[in-house]
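J.: Sequence:
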Amino acid sequence: MKSSSKPKVSILMNCFNGEQYLKDSLESILNQTYQDWQLIFFDNVSTDDSLEIFNQYKDSRFKYYLAESHSSLAIARNRAIQKIDSEWIAILDTDDIWNEDKLLRQFSLLEEAASSSQDLIFTNCFIKKDNQFIESRIKFRKEKILEDLLEFKLSIPWPSVMFKKSLYEKVGGFNKNYPNFHDLLFLISCSRFTDFGYLEEKLVTCRYHSKNISLIKKKEGDYYPEILNIFNKELIMSKSAKRGLDQVYARQVIDLLILGKYKSFFNFFFPIKLKQLFSIARGIYFIFLNKFS
Numbered sequence: 001m002k003s004s005s006k007p008k009v010s011i012l013m014n015c016f017n018g019e020q021y022l023k024d025s026l027e028s029i030l031n032q033t034y035q036d037w038q039l040i041f042f043d044n045v046s047t048d049d050s051l052e053i054f055n056q057y058k059d060s061r062f063k064y065y066l067a068e069s070h071s072s073l074a075i076a077r078n079r080a081i082q083k084i085d086s087e088w089i090a091i092l093d094t095d096d097i098w099n100e101d102k103l104l105r106q107f108s109l110l111e112e113a114a115s116s117s118q119d120l121i122f123t124n125c126f127i128k129k130d131n132q133f134i135e136s137r138i139k140f141r142k143e144k145i146l147e148d149l150l151e152f153k154l155s156i157p158w159p160s161v162m163f164k165k166s167l168y169e170k171v172g173g174f175n176k177n178y179p180n181f182h183d184l185l186f187l188i189s190c191s192r193f194t195d196f197g198y199l200e201e202k203l204v205t206c207r208y209h210s211k212n213i214s215l216i217k218k219k220e221g222d223y224y225p226e227i228l229n230i231f232n233k234e235l236i237m238s239k240s241a242k243r244g245l246d247q248v249y250a251r252q253v254i255d256l257l258i259l260g261k262y263k264s265f266f267n268f269f270f271p272i273k274l275k276q277l278f279s280i281a282r283g284i285y286f287i288f289l290n291k292f293s
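Under the numbering used here, the letters of the sequence shown match residues 1 to 293, in that order.
Don't read these hints as lab results, they were simulated from the structure.
Virtual Cβ for every residue (Gly too), placed ideally from N, Cα, C.
Please note: incorrect hints may appear among the correct ones.
[Said to hold, decoys possible] Only pairs whose alpha carbons sit at most 30 Å apart, straight line, appear in this in silico DSSO-like list of lysine-lysine: (1) Lys263 to Lys8; (2) Lys129 to Lys142; (3) Lys144 to Lys63; (4) Lys128 to Lys144; (5) Lys63 to Lys153; (6) Lys6 to Lys165; (7) Lys83 to Lys144; (8) Lys202 to Lys153.
[To be verified] Computed beta-carbon distance windows for the label pairs: (9) Ser136 to Lys261: 35 to 43 Å; (10) Ile254 to Ser5: 53 to 61 Å; (11) Phe140 to Asn177: 39 to 47 Å; (12) Lys58 to Tyr34: 19 to 27 Å; (13) Lys263 to Glu68: 37 to 45 Å; (14) Val45 to Arg251: 20 to 28 Å; (15) Glu111 to Gln20: 32 to 40 Å; (16) Asn177 to Val45: 17 to 25 Å; (17) Gly172 to Lys263: 29 to 37 Å; (18) Lys263 to Glu143: 42 to 50 Å; (19) Thr33 to Lys63: 20 to 28 Å; (20) Lys142 to Lys261: 31 to 39 Å; (21) Tyr57 to Ala114: 29 to 37 Å; (22) Glu112 to Leu257: 25 to 33 Å.
Construct the entire structure; sequences and hints are all you get.
T.: Here it is as structure tokens:
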């Protein structure tokens, strides 16, 4: 008989040479006031002292797995989640920190909103950059999640995210074909199937440093046209969501022209098909309609 003692939530930590901040991240897990968890620590073939740091902790809830070979983070996350049988999955990277009440507050929100479908929950955060703490400002519009994610108006702190494993399975996991923005693809795909729960409390600290800042800049620039094309091609969206995407296309065209980024404009515009031209035209119409109505 299968044991019923599996933890309510599995904390997923993918590690590749994360020794610099790893101890702080692990300590923030141990300090959680909510205790029904296990840690799935998936080592993506680190070559630093990450394993030695992990082995300093003797808590039986700390589970270590070593990848057979190094892979992209999207693939590594999918492999790690295969080890999970908990109902919920929470994400924490090796350079971020949780407030001690992070999990407790998220499960409390679930109890308060028991009648609604919230299979993904996230919180506000502090940003730590160059040893300075910056308050994050998140504008959460429940009815405009898709549009706001696509336009980078809604930036969801990844270490604050907790979601049901069944939701992960519905969306097909993390898309390994787009390793540089698999997390954004995942969040937008999730928005098709569930409401998002949000806590305004700042319950995580996200470290911004040279490695992840460069990736953020790429997401907001080089990959933007590709992201739009993926969603237009792959996502099955409602009429209102398609209208939002039309406006995203239109704003991207307008912004590139205003900023004088003509090379990016032609790279974005050249592969566009007739159907997408109509989409941009509709988007421009709705932008002006919303502005002057």
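J.: Hint by hint, note whether the structure agrees.
T.: Here is how each hint holds up against the structure:
1. Lys263 to Lys8: Roughly 50 Å separates the two Cα atoms, so the pair is violated.
2. Lys129 to Lys142: 29 Å, holds
3. Lys144 to Lys63: Given pair Lys144, Lys63 is violated - Cα atoms ~38 Å apart, limit 30 Å.
4. Lys128 to Lys144: Roughly 28 Å between the alpha carbons, so the hint for Lys128 and Lys144 holds.
5. Lys63 to Lys153: With a Cα-Cα distance of about 36 Å, the restraint between Lys63 and Lys153 is violated, given a limit of 30 Å.
6. Lys6 to Lys165: 14 Å, holds
7. Lys83 to Lys144: Given that 30 Å is the threshold and the Cα spacing comes to 34 Å, the pair is violated.
8. Lys202 to Lys153: 18 Å, holds
9. Ser136 to Lys261: 35 to 43 Å: Because 27 Å falls outside the window, the suggested range is violated.
10. Ile254 to Ser5: 53 to 61 Å: 56 Å, holds
11. Phe140 to Asn177: 39 to 47 Å: Hint violated: Cβ distance 29 Å, outside 39 to 47 Å.
12. Lys58 to Tyr34: 19 to 27 Å: Holds, since Lys58 and Tyr34 (Cβ atoms, about 20 Å apart) stay within the stated range.
13. Lys263 to Glu68: 37 to 45 Å: Roughly 41 Å apart at Cβ, these two residues keep to the hinted range, so it holds.
14. Val45 to Arg251: 20 to 28 Å: 41 Å, violated
15. Glu111 to Gln20: 32 to 40 Å: At roughly 37 Å between Cβ atoms, Gln20 and Glu111 fall inside 32 to 40 Å, so the hint holds.
16. Asn177 to Val45: 17 to 25 Å: Taking Cβ atoms as reference, Asn177 and Val45 lie about 21 Å apart, which means the hint holds.
17. Gly172 to Lys263: 29 to 37 Å: Distance hint for Gly172, Lys263 holds at roughly 34 Å.
18. Lys263 to Glu143: 42 to 50 Å: Given a distance of about 36 Å, which is not inside 42 to 50 Å, the answer is violated.
19. Thr33 to Lys63: 20 to 28 Å: Given a distance of about 21 Å, which is inside 20 to 28 Å, the answer is holds.
20. Lys142 to Lys261: 31 to 39 Å: 32 Å, holds
21. Tyr57 to Ala114: 29 to 37 Å: Holds, at about 34 Å.
22. Glu112 to Leu257: 25 to 33 Å: Since the Cβ atoms of Glu112 and Leu257 sit about 46 Å apart, the hinted range of 25 to 33 Å is violated.
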